[in-house]
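Could you put the whole structure together from the sequences, leaning on the hints where they help?
Below, each chain spelled out in residue letters.
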Amino acid sequence: MADITPLRSAAEAGLSKLFEATRMKYPTGVSIAREEAFRYFEAVGLPTRRVEAFKYTDLRSAFRDAAHPAEMPSAEVAQAAVASAKGFAGIEAVRLTFVNGHLIEAESDLGRIPAGVTVTPLPRALTEGHAHLDRLTPVRQASENPIYQLNTAFLADGALIAVEPGAKVETPLHLRFVATGAQAFSTATRALVVLGEGAEVTVLESHEGPDGVAYQPNDALDVTVADSATFRHARLNAEGREAVALSTLSVKLGAASAVETVNVVVGGVLSRHQVYLNFAGADGRAVVNGAAMLNGRQLADTTFLADHAATGGVSRELFKTVVDGEATGVFQGKIIVQQAAQQTDGKMMSACLILSDEGQMMNKPELEIFADDVACGHGATCGALDEDLLFYLMQRGLPKAQAESLLVQAFLGAAIESVSHEGAREALVGTIEAWLAARA
Amino acid sequence: MPAVQETIDRVRSIDLDQYKYGFETTIEMEKSEKGISEDVIRFISAKKDEPEWMLAWRLDAYKRWQTMQEPDWARVSYDKVDYKDIYYYAAPKRPAAMSLDEIDPEILKTYEKLGIPLREVEVLEGIAPERRVAVDAVFDSVSVATTFKAELSKAGVIFMPISEAIREYPDLVRKYLGSVVPVTDNFFATLNSAVFSDGSFVYIPPGVRCPMELSTYFRINERDTGQFERTLIIADKGSYVSYLEGCTAPKRDDNQLHAAVVELVALDDAEIKYSTVQNWYPGDNEGKGGIYNFVTKRGDCRGVNSKISWTQVETGSAITWKYPSCILRGDNSRGEFYSIAVSNGMQQVDSGTKMIHLGKNTTSRIISKGISAGRSQNTYRGLVSAHRKATGARNFTNCDSLLIGDQCGAHTVPYIESKNSSAQFEHEATTSKISEDQMFYCQQRGLSNEEATALIVNGFVRDVLQQLPMEFAVEAQKLISISLEGSVG
Chain Y
1 MADITPLRSA
11 AEAGLSKLFE
21 ATRMKYPTGV
31 SIAREEAFRY
41 FEAVGLPTRR
51 VEAFKYTDLR
61 SAFRDAAHPA
71 EMPSAEVAQA
81 AVASAKGFAG
91 IEAVRLTFVN
101 GHLIEAESDL
111 GRIPAGVTVT
121 PLPRALTEGH
131 AHLDRLTPVR
141 QASENPIYQL
151 NTAFLADGAL
161 IAVEPGAKVE
171 TPLHLRFVAT
181 GAQAFSTATR
191 ALVVLGEGAE
201 VTVLESHEGP
211 DGVAYQPNDA
221 LDVTVADSAT
231 FRHARLNAEG
241 REAVALSTLS
251 VKLGAASAVE
261 TVNVVVGGVL
271 SRHQVYLNFA
281 GADGRAVVNG
291 AAMLNGRQLA
301 DTTFLADHAA
311 TGGVSRELFK
321 TVVDGEATGV
331 FQGKIIVQQA
341 AQQTDGKMMS
351 ACLILSDEGQ
361 MMNKPELEIF
371 ADDVACGHGA
381 TCGALDEDLL
391 FYLMQRGLPK
401 AQAESLLVQA
411 FLGAAIESVS
421 HEGAREALVG
431 TIEAWLAARA
Chain P
441 MPAVQETIDR
451 VRSIDLDQYK
461 YGFETTIEME
471 KSEKGISEDV
481 IRFISAKKDE
491 PEWMLAWRLD
501 AYKRWQTMQE
511 PDWARVSYDK
521 VDYKDIYYYA
531 APKRPAAMSL
541 DEIDPEILKT
551 YEKLGIPLRE
561 VEVLEGIAPE
571 RRVAVDAVFD
581 SVSVATTFKA
591 ELSKAGVIFM
601 PISEAIREYP
611 DLVRKYLGSV
621 VPVTDNFFAT
631 LNSAVFSDGS
641 FVYIPPGVRC
651 PMELSTYFRI
661 NERDTGQFER
671 TLIIADKGSY
681 VSYLEGCTAP
691 KRDDNQLHAA
701 VVELVALDDA
711 EIKYSTVQNW
721 YPGDNEGKGG
731 IYNFVTKRGD
741 CRGVNSKISW
751 TQVETGSAIT
761 WKYPSCILRG
771 DNSRGEFYSI
781 AVSNGMQQVD
791 SGTKMIHLGK
801 NTTSRIISKG
811 ISAGRSQNTY
821 RGLVSAHRKA
831 TGARNFTNCD
841 SLLIGDQCGA
851 HTVPYIESKN
861 SSAQFEHEAT
871 TSKISEDQMF
881 YCQQRGLSNE
891 EATALIVNGF
901 VRDVLQQLPM
911 EFAVEAQKLI
921 SISLEGSVG
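Chains as they are written, first to last, in this note's numbering: chain Y, 1 to 440; chain P, 441 to 929.
Hints listed in this document are in silico derivations from the structure and should not be mistaken for laboratory results.
On a predicted model such as this, the values are computed, not experimentally measured, just so you know.
Please note that the accuracy of each hint is not assured.
[Claimed, not checked] Beta-carbon label-pair distances, calculated as ranges:
1. 197(Y) with 828(P): 50 to 56 angstroms
2. 89(Y) with 622(P): 52 to 58 angstroms
3. 499(P) with 183(Y): 56 to 62 angstroms
4. 520(P) with 48(Y): 24 to 30 angstroms
Cβ coordinates follow ideal geometry from the N, Cα and C atoms, glycine included.
Here it is in C-alpha cells:
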C-alpha cells in the first residue's frame with residue numbers, strides 16, 4: 001500500500017507556522033533540542049484516539065487552533081493578575097510568579113531565596129549556560145510524548161532551581177502560574193529542579209486563569225532527585241473553564257530517595273497531567289496521588305508511568321476522581337518493572353465516583369513486569385455513592401446534598417492525606433470544599 | 441516473593457519438550473493452489489458445494505480484507521505471515537465418509553492416538569454409560585467425523601460441520617453467521633470470512649437441555665497450511681449447551697497460521713458454556729516453529745437472562761492473540777470468563793476478554809491467571825465497559841500473574857470504561873478480594889487465606905474442567921493445581 005500522508009489539522013498547520021515564526025526569538029546561547037522536538041511533533045502530529053497513549057483524550061479535536069505564544073505582560077497587567085491569584089496564597093512560601101508563561105521578577109521573591117537554593121531564570125540559563133542544563137528531560141519516556149516535545153519546541157520561560165547537597169529547605173518554593181487576558185494564547189514553561197545528595201525541598205505549583213478564554217498552557221517540571229534526597233510536590237490545577245491544559249512531571253529518583261507528589265484538578269475544559277517516574281537508584285520511594293473534581297463537559301486525564309529500573313523501589317499511587325455533569329475522568333497508569341528491579345513493590349489504585357447520569361470514567365491500569373520477585377498490584381473501581389452510607393447520614397438528619405458532600409470529601413481526602421506540608425494540605429482540602437459548596 | 445518450588449516443578453512438568461501431540465500423519469491430501477485469490481475462494485466454495493450467497497459473502501469479505509492491515513497493537517512480535525505462501529484448503533483425498541468404516545484408517549489412528557473417541561460407545565442395557573461426548577473432528581480444512589448425530593437430532597439438536605449446515609439449514613446459518621463477529625470485525629476475522637473451511641454448527645431448539653457435551657477437536661496436520669475454522673452456536677430460548685474445543689498440531693520448524701472465528705448467540709434464558717483446551721504446538725525452546733493462534737471469539741447474550749461462559753486453558757501456540765468476549769445485550773444477562781494461560785519457552789500470549797455491558801442489570805465476572813516461565817511473555821488484555829443504558833451493570837475482575845524465572849514477562853492491560861453511574865466495576869489484582877463472604881466462610885473453617893483463595897478460584901474453573909474429556913482433564917487438573925503463591929498483580 002502507498003504511504004498515506006495524513007491531513008494536517010488547522011492547529012497542526014498553525015503550530016508549524018508559529019514554530020517557524022517564533023523560534024528566532026527564543027534564547028539561543030545553549031541549544032536545546034527545539035528543532036528536533038518540533039520535528040518529532042510534526043511527524044506524529046496532535047494525537048487522536050487512535051494513538052494508544054491518547055485513547056481517551058483526543059488532542060486533535062481539542063485543539064481547534066494553534067494559539068499564539070503569549071507575550072510578556074505589562075507590569076500593571078501582571079500585578080492585577082497576581083492580586084487575584086488564590087492558589088496556595090495564604091502559605092508562607094518563596095514565590096516565583098509566572099504570568100502568561102513569563103517569569104515576573106517584580107512579583108517574585110528572587111531576593112529572598114532560602115540558603116542552599118539557587119534560582120536561575122531559564123532564559124538566562126539558556127543564554128549564559130548552566131551546569132544543570134543537562135538534567136533536562138530526566139526520564140527518557142517523556143521524549144516520546146508529543147505534549148512534552150511541544151513544550152520543548154516552544155519553551156519560552158521557566159526556572160532552574162538547584163538545591164545544594166544536604167540542604168533541608170524549610171520554606172516551600174511556590175511556582176505560581178497565573179493566566180490573564182481575553183484572547184486565546186499559549187504558554188510553554190519548564191521548571192527544572194535539581195536536588196543534591198540528601199537535600200530536601202517542597203515545591204508547590206498553582207495554575208490559575210480566566211474562565212471563558214480558550215488559552216493553552218503547556219508546562220513541564222523536570223526533577224532530578226539525588227541519592228537520599230527528598231522531593232515533595234503539590235500541584236493545583238485551577239485553570240479557567242475553557243483552558244486546554246497540558247502538563248508533564250518527570251522525576252528521576254536516586255538511591256534511597258523519596259518523592260511525594262499530588263495533583264489536584266478542578267480547572268480546564270480538557271486537562272492532561274502526565275507523570276513519569278524513573279527509579280534509577282535502588283530503594284527509591286514514591287507516593288504519587290491525584291484528585292480530580294469534574295463537572296460540566298470537563299475532561300481530566302491523568303497519565304502515569306513508573307519505570308522501576310533498580311531494586312527495592314516502592315511506589316504507591318492513589319488517584320481519585322469525582323465526576324459530575326457530563327464530565328469524563330481518565331486514568332492511564334503503567335508500572336514497568338525491569339528485569340533488574342527485583343523486590344519492587346508497586347501498588348496503583350484508581351477509584352472513581354460518578355455522581356451524574358452522564359458522567360463517565362475510563363481506567364487503564366497497566367502492569368509490565370519482567371522480574372520474578374516483586375509485589376505489584378493495581379486496582380480500579382468505579383461506581384456511584386454508596387446508598388447505605390448516604391442513608392446512614394441522612395437518617396441522622398443531614399440533608400441529602402450535605403450527606404453527599406461529606407462522602408465525596410472523605411473519598412477525595414484519601415488522596416491528599418499524603419501531602420506532608422500542612423498548609424498545602426489544608427489549602428487543597430479547601431479546594432475540595434469550595435468545589436462541593438459550588439455544587440450544592 | 442518468588443514462586444515456590446512446588447509451582448516451578450509443576451510448570452516444568454508441563455514443559456514444552458513434552459509436547460505429546462507433535463506427531464504427523466502421512467496421508468494423501470488434496471489442496472487448493474497456494475496463496476489466496478478469488479479463484480481459491482471459488483475453489484473452496486465449490487468444494488463445499490455452497491450456495492451462491494455464501495460465495496458472494498466470501499468474495500465480499502476477501503475484497504474488504506485486501507484493504508485491511510494486520511493489527512500490531514498486541515504485545516507479541518513475530519515474523520509476519522506471508523499470506524501468499526500458505527494453502528488455504530487441505531483435505532484428505534478420500535471421498536467424504538458416510539460411516540466411520542469409510543474413514544481413512546490413518547485418520548482414525550490419529551484421533552485414537554490423540555485420545556479422541558470417534559466411535560459411539562454402544563450403551564449396554566442396565567449399565568449406566570460413562571459420560572458421553574459428541575465429537576466433531578476437524579482435520580485440516582474438513583470435518584472427518586461427527587458422532588452421536590442421530591441421538592442428538594432426536595432432541596432436536598443440530599450438531600454438524602458448518603459446511604453441511606450451510607447446505608441443510610441455510611436460513612439459520614444466514615440469519616446468524618456474521619451477526620456476532622461482523623465480516624469486517626478485524627483483519628483475521630475478515631480473512632476467516634473469506635476462506636473458512638470447516639468448523640461446527642450447533643443449534644439448540646427452545647427449551648432443550650442438550651443431552652450431552654458437544655465437542656470439536658481441531659487438528660492441523662498438513663505442512664504449509666492454515667486452518668480457518670468457523671464455529672457458530674445458537675442457543676434458542678431457554679436452552680442449554682456445554683461445548684468443548686480442543687486443538688493440537690504436529691511439531692514443525694516453521695510457523696502455521698490458525699485464524700478461527702467463533703460466534704455464540706444466546707437468546708432469552710439460554711445458557712452457553714464454551715470451554716477450550718488450547719494445545720497447539722508451541723514451538724521448541726528456541727522459539728522455532730509453532731502455531732500462530734489468531735482467533736476471534738465472541739458471544740452475544742442477545743436475550744434477557746441469557747448467560748455465556750468462556751473457560752480457557754491455554755498452554756500451546758507460539759503466538760496467541762485471542763479475546764473471547766461477551767456482548768451483554770439482554771437485560772439481566774451474564775458473562776463469565778475464566779482463563780488459565782501458561783506460557784513457557786519462547787511463547788507469547790496476548791489474551792483476555794471483553795465484557796460489553798449494554799443491557800440493564802447485566803453482570804460479568806473475569807478470573808484470569810497468567811503463568812509465564814522460560815523466556816515467554818504473557819499479557820492479559822481486557823475491556824470492561826458499561827454503556828449509558830447499562831443501568832445496574834456489575835463487573836468483578838481478578839487477574840493474577842505469576843512469573844517463574846527472571847527471563848520472562850507478565851503484563852496486564854485492562855481497560856475499564858464506565859458510562860453509567862450505577863454501574864459498579866471492580867478490578868482487583870490482589871488475590872484477597874474474591875468474595876468476602878466466601879472467603880470468610882472458608883477461613884472460618886480453618887483454611888488459610890491462600891488456601892481459601894485457591895479453593896475459590898479453582899472452584900470456578902474446576903466446575904468446567906471436570907467435564908472435560910479425560911485426555912484434557914489430566915493436564916488441566918495439573919494446571920489448576922498450580923498455587924497462587926508468589927503471584928503478582
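Here is what the structure says about each hint:
no.: 1; hint: 197(Y) with 828(P): 50 to 56 angstroms; verdict: holds (54 angstroms)
no.: 2; hint: 89(Y) with 622(P): 52 to 58 angstroms; verdict: holds (57 angstroms)
no.: 3; hint: 499(P) with 183(Y): 56 to 62 angstroms; verdict: holds (57 angstroms)
no.: 4; hint: 520(P) with 48(Y): 24 to 30 angstroms; verdict: holds (26 angstroms)
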